[in-house]
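Heads up: the protein sequence lines correspond to chains A and B, in order. Position one of the first sequence corresponds to residue 1 (the UniProt record's numbering), numbered consecutively onward. Position one of the second sequence corresponds to residue 1 (the UniProt record's numbering), numbered consecutively onward.
Derived by calculation from the structure, the hints in this document are not laboratory data. A few of these clues could be false.
[Claimed, not checked] For the chain A half of the interface with chain B, some residues (derived, Cβ under 7 Å), not all of them:
1. 92
2. 202
3. 226
[Unchecked claim] If you anchor each label on the Cβ, the simulated ranges turn out as follows:
4. A:117 with B:75: 43 to 53 Å
5. B:77 with A:280: 21 to 31 Å
6. B:128 with A:306: 36 to 46 Å
7. A:369 with B:136: 32 to 42 Å
8. B:125 with A:368: 47 to 57 Å
9. B:141 with A:44: 27 to 37 Å
10. B:75 with A:372: 27 to 37 Å
[Said to hold, decoys possible] The following residues of chain B were derived to be distant from chain A, with all beta-carbon distances above 12 Å:
11. 33
12. 99
13. 130
Please read these numbers as outputs of a predicted model, since none were measured by experiment. Where a beta carbon is used, it is the ideal one built from N, C-alpha and C, also for glycine.
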Amino acid sequence: MKKISFIVFLLFFSIGKATTIKVGANLPVKKIKQALALANDGDTILVHSGIYKEGTILINKKIYFIGKNFPVLDGQHKKEVVSINANDVVVKGFKVINSGHAALNDPCGIRVYDKNNVIIQGNILDNNFFGIYLQNSTNCIVKNNVIKAYGKAEQLIGNGIHCWKSNNLQIIGNKITGHRDGIYFEFVTQSVIWRNIANNNIRYGLHFMFSNDDAYITNVFKNNGAGVAVMFTKNVKMFNNYFEENWGDSAYGLLLKEISDSYIFNNRFARNTSGIYMEGTSRIKVEKNSFESNGWGMKIQASCMENEIVNNNFLKNTFDISTNGSLVLNTFNSNFWDKYEGYDLDKDGMGDVPYHPLSLFAVLTENTPSAMLLYRSFMITLLDKSEKVLPSITPDNFVDNKPLMKSLPL
Amino acid sequence: MKKIVLLFLSFLMISCGSNEPQPIKLNVDSCEFCKMTISNGKFGAELLTKKGRYYKFDDLSCMLLYAKENTNVQVQSFFVNDYAKDNTLIPAEQSFYLRGGALNSPMRGNFAAFASDKEQDNFQKQLDAKTLTWQQVFTLY
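Go ahead and model the full structure; you've got the sequences and the hints to work with.
Next up, the structure:
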């Protein structure tokens, strides 16, 4: 009888066009792997809550893989937990924990291998080596996942969301903590990162390498080891992000290295060692950003050219701008500088005297960091003032000709 | 007498600055060339100048590019991370190298260094990578 019922059961699934296979401790199908063997393309596997320790769960069919009340998929620190090897797979509502660690093949919580149209949504990932890993994938969505790891500085750990050689990705509304880089993009194009929160990651909140034509919008990057890095890239749009509390010798709110033709608009840089550090960047527009309470607002190295810094607020920074050379190939216009001491007789809202944002002392400390000891001493203040009147060491074309009298409402 | 001379000599050696590598502090030190924070203790590298200053790098390719670009920096010695160990620096000139295959380094130099040719052999199969000598590595950049 049991055999017949099982055959009927099997028949039922093979005839029905899209069926739902339920998995749970009190149900006929007790194991996820069993359900995967039974499933056909287009089926739904609904996993009820419980703890499933089944090694690597390999999804090689086009299925909807749905968890009810966050069933736990435990990798037991040995292997990858979920491997997706089919197009059009949806993984939703699982708690994926304890992937293998520090192995050569980078074990992950959830990994997509060379596939399209995969959706990974509303999962909790806890204590995995890499969180979610997309390789060679197109049109995938990673949405509303909570990704947490417990990395320490001296130990190797993977990235929260790691994307490699992919395009048309949407990374939306994820929360990432405790990984190496919160979100990592390498050779990823035409993708968008929107409304994510990356905090307390060991290295960067977001890290771009060789990834062109992307945008990241309305994200929060707070208290990561070294902020956000955008490197060896062009055509990146950075809108409405928060870069906060990235403190340390080599930490920057935003590190730009070898990047061109990008647009930085309406971001907020607050309480970082350096708000933006630029090296080898060209044709970037920095517009309507707020730099507040940073050690350095912007560090612009001499290797940068044709950048435009327009309509920003510089408030309460120790140094607004610093540079390491005398060559100036960037333009500053209509920014608000709280250190500006000029006047506006014609009442057009712009100061009548140009403002030199580069202080003498910023140049001195760039060359001799230990000179910082003398900051706010009487002699330095005197030197700074005389330099303002008669620039000799600071490049005199480092100037904002139309400094604003009032801060912009950003 | 001999002992005293030896002791004296060793003191002299220490005070003159040694030829020892300085450990890389992971996730604290940053790469001199690419400015990235060094987070992987298998691919890092270090340069010691004749003046005794250390420059640290997250990838061997960064160190070589830096050395070729900054010819005014007089190099005393190069060090590289031993791939078979965790964050251990070994002299670069005497190391054995692999490149490519499954290697995936922070700045895509994709070099792995080993203290012995035996280890190099073992990993060569595992990583499916090409073997190189220091001379070959150095002339690549």
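Results of checking the hints against the structure:
1. 92: violated (30 Å)
2. 202: Residue 202 of chain A check passes; min Cβ-Cβ to chain B is 5 Å, inside 7 Å.
3. 226: holds (5 Å)
4. A:117 with B:75: 43 to 53 Å: holds (52 Å)
5. B:77 with A:280: 21 to 31 Å: Once the Cβ atoms are compared, 28 Å apart, the range 21 to 31 Å for residue 280 of chain A and residue 77 of chain B holds.
6. B:128 with A:306: 36 to 46 Å: holds (44 Å)
7. A:369 with B:136: 32 to 42 Å: With Cβ atoms ~38 Å apart, the hint holds.
8. B:125 with A:368: 47 to 57 Å: holds (51 Å)
9. B:141 with A:44: 27 to 37 Å: Given a distance of about 54 Å, which is not inside 27 to 37 Å, the answer is violated.
10. B:75 with A:372: 27 to 37 Å: holds (29 Å)
11. 33: violated (10 Å)
12. 99: holds (16 Å)
13. 130: holds (17 Å)
Violation of the numbered hints given earlier is confined to hints 1, 9 and 11; the remaining hints are satisfied by the structure.
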